[in-house]
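The listed protein sequences correspond, in order, to chains A and B.
When we follow my numbering, the leftmost residue of the first sequence carries the number 4, and every step to the right adds one.
When we follow my numbering, the leftmost residue of the second sequence carries the number 513, and every step to the right adds one.
It should be emphasised that the hints constitute simulated quantities derived from the structure, not laboratory data.
Note that the structure is a prediction, hence the values are computed from the model and not measured.
Please note: incorrect hints may appear among the correct ones.
[Claimed, not checked] Cross-link-like lysine-lysine pairs, in silico, DSBU-like; alpha carbons within 30 Å at most:
#1 A:K11 to A:K66
#2 A:K65 to B:K633
#3 B:K633 to A:K20
#4 B:K525 to A:K15
#5 B:K617 to A:K9
#6 B:K525 to A:K120
#7 A:K95 to A:K20
#8 B:K525 to A:K132
#9 A:K144 to A:K82
[Said to hold, decoys possible] Which stretches of chain B does chain A cover? Using the computed rule of at least three CB atoms under 8 Å from a CB of chain A, they are:
#10 620-626
#11 638-652
The beta carbon of each residue, even a glycine, is placed where N, CA and C say it ideally should be.
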Amino acid sequence: MSLSDKDKSAVKALWSKINKSADVIGDDAVSRMIVVYPQTKTYFAHWPDLTPGSIHIKAHGKKVMGGIALAVSKIDDLKAGLSDLSEQHAFKLRVDPANFKILNHCIMVVISSMFPKDFTPEAHVSLDKFLSAVALALAEKYR
Amino acid sequence: MVEWTDFERDTIKDIFSRIKYDVVGPAAFARCLVVYPWTQRYFGGFGNLDNAAAIKGNPMVSKHGTTIIQGLDRAVKNMDDIENTYTELSVLHSEKLHVDPDNFKLLADCLTIVVAAQLGKEFTGEVQAAFQKFLAVVVSSLGRQYH
Numbered sequence: 004m005s006l007s008d009k010d011k012s013a014v015k016a017l018w019s020k021i022n023k024s025a026d027v028i029g030d031d032a033v034s035r036m037i038v039v040y041p042q043t044k045t046y047f048a049h050w051p052d053l054t055p056g057s058i059h060i061k062a063h064g065k066k067v068m069g070g071i072a073l074a075v076s077k078i079d080d081l082k083a084g085l086s087d088l089s090e091q092h093a094f095k096l097r098v099d100p101a102n103f104k105i106l107n108h109c110i111m112v113v114i115s116s117m118f119p120k121d122f123t124p125e126a127h128v129s130l131d132k133f134l135s136a137v138a139l140a141l142a143e144k145y146r
Numbered sequence: 513m514v515e516w517t518d519f520e521r522d523t524i525k526d527i528f529s530r531i532k533y534d535v536v537g538p539a540a541f542a543r544c545l546v547v548y549p550w551t552q553r554y555f556g557g558f559g560n561l562d563n564a565a566a567i568k569g570n571p572m573v574s575k576h577g578t579t580i581i582q583g584l585d586r587a588v589k590n591m592d593d594i595e596n597t598y599t600e601l602s603v604l605h606s607e608k609l610h611v612d613p614d615n616f617k618l619l620a621d622c623l624t625i626v627v628a629a630q631l632g633k634e635f636t637g638e639v640q641a642a643f644q645k646f647l648a649v650v651v652s653s654l655g656r657q658y659h
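The following block holds chain A by itself, in its conformation from the complex:
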């Protein structure tokens, strides 16, 4: 299920509409993930404040969306473009890759709630494929 030219255009078009709200999207997506999938809290036991909207969650949401922005810019070669991030996730963070799917779902729910007219089924399928490809690239160095 590799990204077609149509998918890449759709992702870039959607990103251009939503990227000004990247920080808000990231904050909401991470907050939501912790509430809807409480098992994900296990990765953030070192944060003193896990309530939605906390400064730790805000900062982390910003970091995640920065990674997404990087991925959009490297959409033609995600494996190479996200290589450093993959090393970090594989050897330092060691996040179980199943969680990438969970966070991707939360990101898409937030985008749908904030940009209902733009997140058409056509945009959705391309973004879903893109985020799945990002997850794969992030897991590249795991084993």
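Got chain A; can you put chain B on it based on the hints?
Chain B only, in chain A's frame:
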């Protein structure tokens, strides 16, 4: 038996009282056929499903979307016994329709996305958690009679 908090019960009833069944059902089902095109395998008799525009405009897709959400309505009205409420539906999907139960989760995800679009800011994390818990029970009940 599933335990529901008052918040979860109220949230589910509230969502289903607010959404338009003949809008949300068709939108979620059409989205599923577009985002996960392999699900089209069960709808060979539905005519033109060639592209997103055809799918969205297809009257059989709309009708079936409404049928699906009316089925969900039965679960909303029987939240304390969704499993037994869905016994016949589960047998139908397994024995007659031969639907891979993994597909139920895909449709549930599309429904979540569509309801998020409808409710906007009000689709908070807590509301999403309740809605997804409800859908997980529905999905599990639909798969229960498979063997």
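In rising order, the numbers of the hints this structure does not comply with: Violated hints (numbers, rising): 4, 7, 8; every other hint is consistent with the structure.
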